Amino acid sequence: MTRKLIAATLALLAWVGGTALGSLAGVAPAAATPLLTIGRAHADYLPTLDGTKPIFILILGSDARPGTPVDHGLSDSIHILGINPAAKRATLYGIPRDSYVPLSTGGTNKINAAMPPGGPQAEIATVEAVTGIKFDYYMLTGFVGLTKAVDELGGLTIDIPYTVVGDIRTFDQGVHTLSGPEALGYARTRHSLNLGDFSRSMNQGRLMIAALQQFKGEFAKDPSALYAWLGAGLRNVETSLSIDELTTLAFLAARVSPKKVTNLVAYGHSATVGGKSIVTLDPANQAMWQDLATDGYILLKDIPAEYQPGG
Amino acid sequence: MATGKKPLREAASSAPGRSQKAQTRSKVARRRAAAGALVALLLIGGLAVLFTRGGEGIGIFTHSQTPTPQLTFATVKVVAATTTATTPDKIAGEVKPVGKAVELSMRTLFEGAFIDPAVWDGDHYDDLFSQVMDEGAAGRALQDVATVTLGSGAGDVYASVKPDKSKLIIKVLTDAKDKPVQAIAQVTFRATATHDDGTFTKITVTGSFFFHQVDGAWRIFSYDVKRQETPFKPPSPTASSTPTAEATQ
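Protein chains in written order, with the numbering used here: chain G, 1 to 311; chain U, 312 to 560.
Keep in mind that the hints are not guaranteed to be accurate.
[As the list claims (entries may be wrong)] Subject to a maximum C-alpha distance of 20 Å in a straight line, what follows is the list of computed SDA-like cross-link-like pairs (lysine to any residue):
| id | chain 1 | residue 1 | chain 2 | residue 2 |
| --- | --- | --- | --- | --- |
| 1 | G | K221 | G | A254 |
| 2 | U | K537 | G | H42 |
| 3 | U | K537 | G | F251 |
| 4 | U | K488 | G | R235 |
| 5 | G | K221 | U | K537 |
| 6 | U | K490 | G | L230 |
| 7 | U | K513 | G | H42 |
| 8 | U | K537 | G | A41 |
| 9 | U | K490 | G | A232 |
| 10 | U | K401 | G | L230 |
Quick caveat, the hints were computed from the structure, so don't treat them as lab data.
On a predicted model such as this, the values are computed, not experimentally measured, just so you know.
The whole structure should be built from the sequences, with the hints applied where relevant.
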């Protein structure tokens with residue numbers, strides 16, 4: 001019995017001693033390879049929209065001169081922005097300001113004429129009736145708003161696809177960082193462009209895609225850049241979007257590649273009515289608007305060759 | 312009076328046969344007691360070695376005994392980000408309380424996620440997240456636990472984590488009435504981790520945490536976190552006091 005006890009004790013002693021020595025021996029010098037070296041890791045969570053239901057925003061540019069409220073000027077720039085959150089795709093569909101359509105305020109006239117008497121809501125109702133697209137939100141700015149917004153952001157960098165001779169300067173083909181007045185000048189230039197107002201509308205879409213590109217880059221580098229963009233936007237753009245909704249959309253924009261944003265302008269034909277130069281919209285637009293209303297985006301490959309955006 | 316008989320007690324104790332047996336029993340009892348005490352001592356020692364995992368004597372015992380170091384951000388800056396023509400300095404007082412609330416949440420998060428063994432050793436991250444995050448962010452953070460915290464099972468790897476100089480910048484977004492609606496906390500957290508195997512690493516976490524109000528409390532609703540961990544050799548205590556070769560010449 002005693003021997004068994006001694007043997008058991010010795011065995012226990014050996015085990016405990018071994019464990020203790022083993023753990024002491026395991027104390028590596030500080031320079032030894034650590035048990036875990038994680039290196040670099042990254043995680044992010046941007047709560048945003050991910051459903052297939054498309055979102056539509058009507059983006060309006062007012063020509064209001066000093067003394068006229070921005071929301072009662074002519075809406076010289078009209079763009080439908082469709083977004084499909086799940087597909088991370090979007091489409092900017094410009095509508096020429098001279099498009100001759102029935103107005104929600106009564107009668108038939110150029111599409112930009114709905115806003116002076118009825119404000120943005122009248123313009124929205126007019127575009128909805130023409131296109132069949134129901135808008136969730138709108139954004140509206142004017143000459144001063146665009147200029148200030150761009151300046152507050154420190155300029156807007158854009159890759160200009162072809163040289164544009166503008167009123168204030170020539171915009172050579174290539175990458176430029178435009179100041180507020182320059183961005184406005186580029187957005188307003190029409191006379192020197194091959195397709196006049198159609199090309200101008202395309203260039204306005206290019207500015208918006210450039211803004212997306214710039215926002216993405218700045219947000220990726222420093223997420224607090226979002227507040228600079230919200231500040232510059234809300235100070236200079238009138239919108240029905242709340243700050244929370246803008247944040248959600250900004251998080252979504254951060255995930256959308258500018259390459260997945262289709263930029264096009266409604267196809268139409270120049271004509272004259274009562275001595276006024278107008279645009280009659282081509283019936284082919286209806287099919288594309290239906291496509292856009294369905295899922296929030298149009299792929300370039302789905303646009304018939306004769307209607308492919310140019311200019 | 313000698314009767315030849317001994318008193319019963321004496322007789323009983325002095326009886327030769329019974330006395331030998333009693334002596335033998337006594338020896339066995341003493342040996343058993345000694346062996347038992349030894350075994351108990353060794354068991355306690357062995358368990359202590361196991362639980363403290365050798366090394367620098369760090370483990371569950373010391374986890375509960377060593378006071379957890381508190382995180383104090385060396386730099387805390389709170390600024391307003393307005394959406395009106397109001398300049399940020401004009402509403403500095405308005406956003407200050409938000410900055411305090413956000414700073415407290417960031418301290419709670421980083422102390423629990425990296426410094427306090429009661430949280431990371433026990434893998435109590437879900438409780439931690441629900442204290443400072445809204446439901447969506449807390450749910451997602453559990454999936455990102457390896458980056459946002461020391462990770463599940465951290466207690467098997469880390470012995471202790473001591474915070475180094477860390478900084479925090481808070482921007483408070485205000486609405487059309489110049490009232491706070493959101494905030495972003497941008498943190499650079501630095502710490503030195505001691506591993507159970509006696510090695511050291513430097514932990515650096517940089518991140519942006521968006522806050523909004525949920526039932527009156529400021530909660531994280533979005534985050535972007537980068538974590539870096541690199542091996543580290545602490546300076547030897549003797550090396551610093553040893554004169555350099557040049558100085559001795």
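Structure-based check of all given hints:
Only pairs whose Cα atoms come within 20 Å are accepted, and K221 (chain G) paired with A254 (chain G) is accepted, the gap being roughly 11 Å. Between the alpha carbons of K537 (chain U) and H42 (chain G) the distance comes to roughly 4 Å, so the proposed pair stays at or under 20 Å and holds. About 18 Å separates the Cα atoms of K537 (chain U) and F251 (chain G), which keeps this hinted pair within 20 Å; it holds. Note on K488 (chain U) and R235 (chain G): the hinted pairing holds, with a Cα-Cα distance of about 12 Å set against a maximum of 20 Å.
Our distance criterion of 20 Å between C-alpha atoms is met by K221 (chain G) and K537 (chain U), whose separation comes to about 12 Å. Simply put, K490 (chain U) and L230 (chain G) have alpha-carbon atoms about 15 Å apart, close enough for the 20 Å limit, and the pair holds. Proposed proximity of K513 (chain U) and H42 (chain G) is supported: the alpha carbons are some 17 Å apart, at most 20 Å. A threshold of 20 Å between alpha carbons decides the hint, and for K537 (chain U) with A41 (chain G) the separation of about 6 Å falls inside it, so the pair holds.
The suggested pairing of K490 (chain U) with A232 (chain G) holds, with an alpha-carbon distance near 17 Å, which does not exceed 20 Å. Restraint check: the Cα-Cα separation between K401 (chain U) and L230 (chain G) comes to about 19 Å, which is no more than 20 Å; the hinted pair holds.
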